[in-house]
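Chemist: Take these sequences, add in the hints, and give me the full structure.
Residue numbers (this note's numbering), protein chains in the order written: chain R, 1 to 329; chain E, 1001 to 1340.
By construction, these hints were calculated from the structure, which means they are not laboratory data.
In this text the structure is predicted, and so the values were computed from the model without any measurement.
Have a look at the derived ranges for each label pair, beta carbon to beta carbon:
#	chain 1	residue 1	chain 2	residue 2	range
1	E	Ala1094	R	Val138	46 to 52 Å
2	R	Val138	E	Gln1329	53 to 59 Å
3	R	Thr77	E	Gln1089	27 to 33 Å
4	E	Gly1113	R	Ala103	38 to 44 Å
5	R	Thr77	E	Ile1225	33 to 39 Å
6	E	Gly1113	R	Thr77	35 to 41 Å
Even glycine gets a Cβ: it sits at the ideal position worked out from N, Cα and C.
If you want the building blocks of each chain, they are given just below.
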Amino acid sequence: MANTVLATPEVPFESRGLDKKQTWWERLRKGDEVVHLITLAGGWSILVITGLLVQHLWVYSRLSRHAFGWHFLVDSTWDPVNGVFGAWPFVYGTVVTSLLALAISIPIGLGAAIFLAELAPRKLSNALTFLIELLAAVPSVIYGLIGIFLLIPVLFNVVPYFQKYFGWLPIFNGTFYGVSYFSASIVLSIMVVPFIISISREVLISVPVSQREAMMALGATKWDVTWRAVVPYARQGIMGSIFLSLARALGETMAVTMVIGNVAQVSTSLMAPGYTIAAVIANEFTEATGDLYLHALIELGLVLFVVTMIFNALARLLMLTMKGHEVVG
Amino acid sequence: MIRRLLALVLIATASVFAQQISLTGAGSTFANPLYSSWSGHYHAIHPNVEINYQSIGSGGGIRQLIAGTVDFGATDGPMTNEQLAEVQQKRGTAVLHFPTALGADLPSYNIPGVTATLKFTPAALAGIYLGKITKWNDPAIQGPNPGVKLPGSNIVVIHRSDGSGTTYCWVDYLSKVSPEWKNKIGVGTSVNWPVGLGGKGNEGVAGLIRRIPNSIGYIELIYAIQNHILYGEVKNSSGNFIEADLKSVTAAAAGATKTMPADFRVSIANAPGADAYPISTYTWLLIPEKMSDMTKAKALKAFLRWGLTDGQQYTQPLAYAPLPAAVVQKELLQMKKLQY
Chain R
1 MANTVLATPE
11 VPFESRGLDK
21 KQTWWERLRK
31 GDEVVHLITL
41 AGGWSILVIT
51 GLLVQHLWVY
61 SRLSRHAFGW
71 HFLVDSTWDP
81 VNGVFGAWPF
91 VYGTVVTSLL
101 ALAISIPIGL
111 GAAIFLAELA
121 PRKLSNALTF
131 LIELLAAVPS
141 VIYGLIGIFL
151 LIPVLFNVVP
161 YFQKYFGWLP
171 IFNGTFYGVS
181 YFSASIVLSI
191 MVVPFIISIS
201 REVLISVPVS
211 QREAMMALGA
221 TKWDVTWRAV
231 VPYARQGIMG
241 SIFLSLARAL
251 GETMAVTMVI
261 GNVAQVSTSL
271 MAPGYTIAAV
281 IANEFTEATG
291 DLYLHALIEL
301 GLVLFVVTMI
311 FNALARLLML
321 TMKGHEVVG
Chain E
1001 MIRRLLALVL
1011 IATASVFAQQ
1021 ISLTGAGSTF
1031 ANPLYSSWSG
1041 HYHAIHPNVE
1051 INYQSIGSGG
1061 GIRQLIAGTV
1071 DFGATDGPMT
1081 NEQLAEVQQK
1091 RGTAVLHFPT
1101 ALGADLPSYN
1111 IPGVTATLKF
1121 TPAALAGIYL
1131 GKITKWNDPA
1141 IQGPNPGVKL
1151 PGSNIVVIHR
1161 SDGSGTTYCW
1171 VDYLSKVSPE
1181 WKNKIGVGTS
1191 VNWPVGLGGK
1201 GNEGVAGLIR
1211 RIPNSIGYIE
1221 LIYAIQNHIL
1231 YGEVKNSSGN
1241 FIEADLKSVT
1251 AAAAGATKTM
1261 PADFRVSIAN
1271 APGADAYPIS
1281 TYTWLLIPEK
1291 MSDMTKAKAL
1301 KAFLRWGLTD
1311 GQQYTQPLAY
1321 APLPAAVVQK
1331 ELLQMKKLQY
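Modeler: Right, dumping it as structure tokens:
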């Protein structure tokens, strides 16, 4: 052992690791190969886990796929007693609540992120950011309880006014029971706003000072600098935060099932009760008797997976077109 | 030296495991407090027997029993003939049902200005849940409650959103008293509800009832007793309006004993008897007729016998209705079928 330690200084330090004649064993001993293998395993594991997930969902939904085919997606009947299953009300509820939640949370989240990164004093910004990160760590059942005990009583007082003045709009009519697509969307938006704020703020802060200085040199106002130099530069990161929020909203279970009403129907009115894919799986999986019923629930999981993939693909497409505009702008 | 030590350790652990018997069961969440209590009390008497009960839901319990991953199952709704055939085919043994305790559902409501105990007829409950009776002052509801001034507001129907034995009990009753319910909706742990909002768990349903004016929902008796919830009386098959309590639920089981089938897979909804509460149900343990591990089998049998006899004293403190004595006698006879 002592000999090898003494021998090493003879090799010039700079050339270590660059020597192409190194054997595999030498690279392994120096650690490069170890790191390579570990990170490679990490990368592969994601593919393997996703692959196994899809394979399992596919295999264990076969009875339902064979029985209903594509009708599963468009049928609205969910009747476990007679073995008739259709996913449309759940797909509809999932998409509507998630998109509405994003529509509410993007302006709030982005506004807050810009304030914290660009306008607020550093101390205030740090304190608020700490609170926001705390919000992101609150378990979803707590948000569900907030929905039931705080939000719904408020909505009971507010929604009648909405309906009085905007009731002619189909999205506001109908009887309001407190539990609804609308309530679920608001709870979801509260849940995802911390993600948007936290990530967007980080990205905005890391925009190079040169970007701002260049814009200021052209005589721009502070808002011009933020909106035309900083935000476009950080666009990718902001979009990333929105995707993450969308993913969380699509898959949220507990908070949604507590405030959406759990009714397998499709309503144009946002004030009506509905259901989502994740909620129905969580509600019915444990007591599902019979193989077809179980397979139908697993097929719902497959559908949710596909819905999430479609949304992600659309978002990436949107990013690509936006990059195209950047050249023009 | 090391080898000798290792061998000693192996022998020691083996002998410990030989004495220690671990029984695993899974199923009904409704009966979980009872089986947990039984498991604790039984372990105190027989320290070498460990009973692990996982409350994963009746459906899950039946599935695990069929797959053979548990020693016994527990359910709030009896296994279907197809399921019994499946377990016979997969595991080569029949499965016997043993009622262990009783539960009941009751109608709870929130009508502003009404604090009286309402009386419900079967026709009224079926009509409300079918969506045919939509106003609180409908003659079907107002008729049996002449002293109460019911409003003309719309009824908001509330049911469970999660699959559950509580729902099974409720719809089992509705299909017994309403042919229309039986044909259109049927019986199950989840059904295709014609009307209404879904709440998760008893607490979810109770929460919705409290928050939504003019609502009605069904709640498990234990939850209602523990949380002091206002609930109505229901007209039984003898024409009496009965309030749900442990006595009236046991009376329902006693009333149904005469017509009890040999395999105990019986619904006691709308059972005969002047004092019987009509929306009652058994909860069952599912025990395989044959088991490969004789030590385990003997321990399971002893536990079952204890639960049906001494174990019954733990039902009432947890607000389960105890089994009528006649049913216990029948079950002890049935235990002779166990081939161990």
